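Guided by the hints, dock chain B onto chain A, whose structure is given.
There are 2 protein chains.
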Amino acid sequence: MSEDQLIRNYFVPPHSHPMRDVSLGIGDDCAILDIPDNHQLLTSVDTLLESVHFPKNFNPKHLAARAVAVCVSDLAAMGAQARWLTLALSIPENNSQWLADFSQSLHEACAYYEISLVGGDTVKGELSISLTVMGIVETGKALRRDTAQAGDLLYVSGNLGGSAFALSKILQKQEVSTEVLSAYIRPQARLSLGQALIGIANACMDISDGIIIDAERLAKASGLSVDIQLEKLPLHAALASMPQEQAINFATQGDDYELLFSANVAKCDKLVKLATNLDLSLTCIGSLSSDSQHSYTLNNQIYSTKSKGYSHF
Amino acid sequence: MSEDQLIRNYFVPPHSHPMRDVSLGIGDDCAILDIPDNHQLLTSVDTLLESVHFPKNFNPKHLAARAVAVCVSDLAAMGAQARWLTLALSIPENNSQWLADFSQSLHEACAYYEISLVGGDTVKGELSISLTVMGIVETGKALRRDTAQAGDLLYVSGNLGGSAFALSKILQKQEVSTEVLSAYIRPQARLSLGQALIGIANACMDISDGIIIDAERLAKASGLSVDIQLEKLPLHAALASMPQEQAINFATQGDDYELLFSANVAKCDKLVKLATNLDLSLTCIGSLSSDSQHSYTLNNQIYSTKSKGYSHF
Numbered sequence: 001m002s003e004d005q006l007i008r009n010y011f012v013p014p015h016s017h018p019m020r021d022v023s024l025g026i027g028d029d030c031a032i033l034d035i036p037d038n039h040q041l042l043t044s045v046d047t048l049l050e051s052v053h054f055p056k057n058f059n060p061k062h063l064a065a066r067a068v069a070v071c072v073s074d075l076a077a078m079g080a081q082a083r084w085l086t087l088a089l090s091i092p093e094n095n096s097q098w099l100a101d102f103s104q105s106l107h108e109a110c111a112y113y114e115i116s117l118v119g120g121d122t123v124k125g126e127l128s129i130s131l132t133v134m135g136i137v138e139t140g141k142a143l144r145r146d147t148a149q150a151g152d153l154l155y156v157s158g159n160l161g162g163s164a165f166a167l168s169k170i171l172q173k174q175e176v177s178t179e180v181l182s183a184y185i186r187p188q189a190r191l192s193l194g195q196a197l198i199g200i201a202n203a204c205m206d207i208s209d210g211i212i213i214d215a216e217r218l219a220k221a222s223g224l225s226v227d228i229q230l231e232k233l234p235l236h237a238a239l240a241s242m243p244q245e246q247a248i249n250f251a252t253q254g255d256d257y258e259l260l261f262s263a264n265v266a267k268c269d270k271l272v273k274l275a276t277n278l279d280l281s282l283t284c285i286g287s288l289s290s291d292s293q294h295s296y297t298l299n300n301q302i303y304s305t306k307s308k309g310y311s312h313f
Numbered sequence: 001m002s003e004d005q006l007i008r009n010y011f012v013p014p015h016s017h018p019m020r021d022v023s024l025g026i027g028d029d030c031a032i033l034d035i036p037d038n039h040q041l042l043t044s045v046d047t048l049l050e051s052v053h054f055p056k057n058f059n060p061k062h063l064a065a066r067a068v069a070v071c072v073s074d075l076a077a078m079g080a081q082a083r084w085l086t087l088a089l090s091i092p093e094n095n096s097q098w099l100a101d102f103s104q105s106l107h108e109a110c111a112y113y114e115i116s117l118v119g120g121d122t123v124k125g126e127l128s129i130s131l132t133v134m135g136i137v138e139t140g141k142a143l144r145r146d147t148a149q150a151g152d153l154l155y156v157s158g159n160l161g162g163s164a165f166a167l168s169k170i171l172q173k174q175e176v177s178t179e180v181l182s183a184y185i186r187p188q189a190r191l192s193l194g195q196a197l198i199g200i201a202n203a204c205m206d207i208s209d210g211i212i213i214d215a216e217r218l219a220k221a222s223g224l225s226v227d228i229q230l231e232k233l234p235l236h237a238a239l240a241s242m243p244q245e246q247a248i249n250f251a252t253q254g255d256d257y258e259l260l261f262s263a264n265v266a267k268c269d270k271l272v273k274l275a276t277n278l279d280l281s282l283t284c285i286g287s288l289s290s291d292s293q294h295s296y297t298l299n300n301q302i303y304s305t306k307s308k309g310y311s312h313f
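Quick note, the sequences are listed as chains A and B, same order.
Using the numbering used here, the letters of the first sequence map in sequence onto residues 1 to 313.
Using the numbering used here, the letters of the second sequence map in sequence onto residues 1 to 313.
Since the hints were derived computationally from the structure, they do not count as laboratory data.
Predicted model only: the values in this text are computed from it and were never measured.
Backbone N, C-alpha and C fix where the C-beta goes; we use that ideal spot for every residue, glycine too.
Covered by chain A, according to a simulated footprint, are these stretches of chain B (three or more residues, beta-carbon under 8 Å): (1) 22–28; (2) 33–41; (3) 46–54; (4) 77–84; (5) 116–126; (6) 144–156.
Chain A on its own, in the form it takes in the complex:
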């Protein structure tokens, strides 16, 4: 199969899929895309490599769903609307069943997030997926991580630890419920929440490497320190019956792709309404200060955060 055929067979999106602001999609040297007036372009790239970011022989349908969610989450974290993505795919062999499953799930995930696949490159090598996502936001409105204010409350969406717990079960080849599994294979990129936080949150990012390492990144970018009460971390239901410290270990390991954001205390009412409207919990887990040290407590005791989350290198 030539690369042209491979693209036609698997990667040109179905005609039924909406292509928003796409003047020219797959098939030329570049895609041609329309940015509405008074909007900025937001972009981010993520790579998922077999045996590093997902287990060996991982179901290609799960892989595509997870890859899109992980990458779209970066757009959500800045309050952007998702628009376009490009795929750099490296696969060990031309396996048509794998390609059919992967591409079908990829198109489904794109339809779900209303993001259009507009370009790609396919090579023969170890299994790896790099996605570059592009989105738009009204000029000057993007949520950044370096704009938190001292005194802001620190919030996290949804719940934590389900993904790390599911992965540990997968790696130990233990049974796991579909609901828990979905926390790992299909994290929810919080696009609606991110967009709704514009005008409410002072700073925002997504939690990919773990809530502690990521909270410290947000604080550092803003010249602040974090003060987190770990007993407040919203835990995934699967962790409910676990000893508290074990549950917190799962909840700080990352891969949850929830949003971590800071807001002035005066925004509390708006956040309560927003949580109701989106049917999504928004939990205050601490605050930001201009202290020189981060502070972590568990049930009012100082808590040592040796393992802060995922390290890439």
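The following block gives chain B in isolation, referenced to the frame of chain A:
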């Protein structure tokens, strides 16, 4: 070294580099980029994998220069101005000398093409570089490959075969002059030519997989056929003393990243002036017709094009 440190140490562009239309660069979930009014966004992704797209143990300085040129060439092919790129880098180990050489050359290539590195992801795996480039063009002005007209003359910029000849020497571990080597390691993305062809060319693309396979792609996209006289192919100086058929083999193997474009015969004078202004040869190698068959001749004899160029899979 953490990923944050690796990015700070190697991939944040030097302060001296111009960042055009970059509201926020590396360091947050996404980059924030400004699209001028009345312009469209163009984007393309290319992956270069060790032992597939470049030889094993290839000099990292050469690799970065080549990767940027190959990817920027897709913007040139559509008449775009280069603006931004994101890098997905997979490397087998955290080799600081390799990273220093690669990143220095990457920043130099970005400065040369006036394109800004605005995001990236680095993972540990087999050596592979995926670049997504973004550029802009006045709305509706992009050069496409599906808009050639029957009767158009078919032109190619620069000369062909130097890159394939240099690679054959590298793979045979034979001596090769710096000038020939540079055809492979530092192809010239024809940005100025692409932009100047707006309003002159009816269709345009870059030659990556070989002039025959690429000419047929352009013709097919436009619903036409090609008629190419192979003795007209502009040959790299290194091929001058070679038997003609051997030279043509090199000249049709691809990796030259010259522009292939079609233009109405009435544009001939403009093209002659443009070639002089840019100090770049623009050679008419044939034409496009509504015939049902492609036609290739060499010295007025029908020529069989068995090997049409590079196949990715």
